[in-house]
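Chains as they are written, first to last, in the working numbering: chain A, 485 to 563; chain B, 485 to 563; chain C, -13 to 133; chain D, -13 to 133.
What the hints contain is simulated information worked out from the structure, not anything from laboratory work.
Hints may contain errors.
Said to hold, decoys possible - Taking lysine to aspartate or glutamate and the EDC-like style, the derived pairs with C-alpha atoms no more than 16 Å apart in a straight line are:
1) A/Lys514 x A/Glu553
2) C/Lys109 x C/Glu91
3) A/Lys531 x C/Glu35
4) C/Lys109 x A/Asp496
5) D/Lys109 x D/Glu33
6) A/Lys514 x A/Asp504
7) C/Lys109 x C/Glu35
8) B/Lys531 x B/Glu502
9) D/Lys109 x B/Asp496
10) D/Lys109 x D/Glu120
11) A/Lys514 x A/Glu502
12) B/Lys531 x D/Glu120
Listed here are the chains, written in short residue letters.
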Amino acid sequence: MARVMLFGPLRDVAGWRERDLPAASITALKALLAAEDSALGLALYGKGVQVAVDQAIVRGDLALSANAEVAFLPPMSGG
Amino acid sequence: MARVMLFGPLRDVAGWRERDLPAASITALKALLAAEDSALGLALYGKGVQVAVDQAIVRGDLALSANAEVAFLPPMSGG
Amino acid sequence: MSVILQDAPFDPGALLLTFSRGREETGAIVSFTGIARAEAGRTTTLELEAYSGFTEIEIGRIEAQATARFSLHDVLIVHRTGPIAPGEAIVFVATAAGHRREAFEAADLLMDYLKSRAPFWKKEVGPDGERWIEPSDRDRTDAARWD
Amino acid sequence: MSVILQDAPFDPGALLLTFSRGREETGAIVSFTGIARAEAGRTTTLELEAYSGFTEIEIGRIEAQATARFSLHDVLIVHRTGPIAPGEAIVFVATAAGHRREAFEAADLLMDYLKSRAPFWKKEVGPDGERWIEPSDRDRTDAARWD
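So that you can see chain A by itself, here it is in the shape it has in the complex:
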């Protein structure tokens, strides 16, 4: 299971902030989320959304270890 976290506007779109979901890779996880909630799917593929696995930004796909923390980060607004 991956611990999935949504930030900023993504959280408003999905209506949740944190969930544990089964997924073997980022691509699989995105597909799972999009199948369940098309608005969230669209937002996850939106411009400037970055993915962090275990608190490090990753580009492209990546296999997820058990207990991975996957965060979807929309464009940062600064403080």
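For chain A, the structure is supplied; the task is to place chains B, C and D on it using the hints.
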């Protein structure tokens, strides 16, 4: 009588900071001070020394009213 | 050198007091305090979200870059998270250096980074509803000065 | 807007605390604190002389210029005079503005003025005797940026 004030290095050269002296103009006052103390005279005519009368910078000569406050200001060092 | 994120309000004066104590070779300390503006009633609350852990690491990375670039003696960054009321401080940055130019430029760079690229998500809540904020064009061009 | 010259030591944190209170429309406060450096024992005391009355007026003039140029909400300048020990604050400048660039630039300009052109005479006293200080070349070129 004019209240004469020396600042910064001028005070060290003269050995005093404030005196009441009779003088009808800045030129007369400088001449009086130079006659009494040639080192101070030299310093007063030195580069960048400004004169303030009643707390306003003046250029060139000026007649001094009774009770005028005349300050000799060497180059300012900033704080 | 430290980065602190906290939900609780803080007092910039108290932070500067602690930061400036006992410095014999630091000639210059610059502090910046960012305050939530009331915008004449348009904003009632600002809500700031961070990614706990990640956000501190990312800010710490820029702090380390600024320290090296400007030969800083010390840096402190304190940032609020959660709901913030108008008039409350959002961010405090203090830099200590031998001379004033370095202290000024480092604080300036850190603020430009914090306002445009730091991992925060910011929502304005007012009588007309709520909206997510993005960095302004000015924030982006200010930050690009240091690239 | 005020200019305070004082012989007594002051605490920059306490000044910032008072300055930053109760500001609902000020988005940015920058403070600068200048501290007397020990210079590894080379300086034991700094002696600062002002021309009481005149010095405040001259500094107030620049303060008014900076206020107009950067649309400041408020400015505070506190400057020590008399003997100052290493580690003690010499000068404190705080600027309040709507946005951070104005607050930064105003504090920067005021410090450049204070360090190079303000009516002070400064003497360094150390184990090797005493000497009057003049602005450094860097102080002069920094100040010329704003002319």
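Hints and how they fare:
Only pairs whose Cα atoms come within 16 Å are accepted, and lysine 514 of chain A paired with glutamate 553 of chain A is accepted, the gap being roughly 14 Å. Note on lysine 109 of chain C and glutamate 91 of chain C: the hinted pairing is violated, with a Cα-Cα distance of about 29 Å set against a maximum of 16 Å. For the hint pairing lysine 531 of chain A with glutamate 35 of chain C, the CA-to-CA distance comes to about 20 Å; that exceeds 16 Å, so the pair is violated. Annotation: proposed proximity of lysine 109 of chain C to aspartate 496 of chain A holds, straight-line Cα distance about 11 Å (limit 16 Å).
Proximity of lysine 109 of chain D to glutamate 33 of chain D is assessed by CA-CA distance (about 5 Å); at most 16 Å being required, the pair is judged to hold. In summary, the hint linking lysine 514 of chain A to aspartate 504 of chain A is supported, as the alpha carbons are separated by about 13 Å, within the 16 Å threshold. For the hint linking lysine 109 of chain C to glutamate 35 of chain C, the alpha-carbon distance of about 9 Å falls within 16 Å, and the restraint holds. For the given pair, lysine 531 of chain B sits about 22 Å from glutamate 502 of chain B by alpha-carbon distance, which is inconsistent with the 16 Å threshold.
Proposed proximity of lysine 109 of chain D and aspartate 496 of chain B is supported: the alpha carbons are some 11 Å apart, at most 16 Å. Between lysine 109 of chain D and glutamate 120 of chain D the CA atoms are separated by roughly 9 Å; this keeps the pair inside 16 Å, and the hint holds. Straight-line distance between C-alpha atoms of lysine 514 of chain A and glutamate 502 of chain A comes to about 15 Å, which keeps the hinted pair within the 16 Å bound. A C-alpha spacing of about 13 Å is found between lysine 531 of chain B and glutamate 120 of chain D, which places the hinted pair at or below 16 Å, so the restraint holds.
Violation of the numbered hints given earlier is confined to hints 2, 3, 8; the remaining hints are satisfied by the structure.
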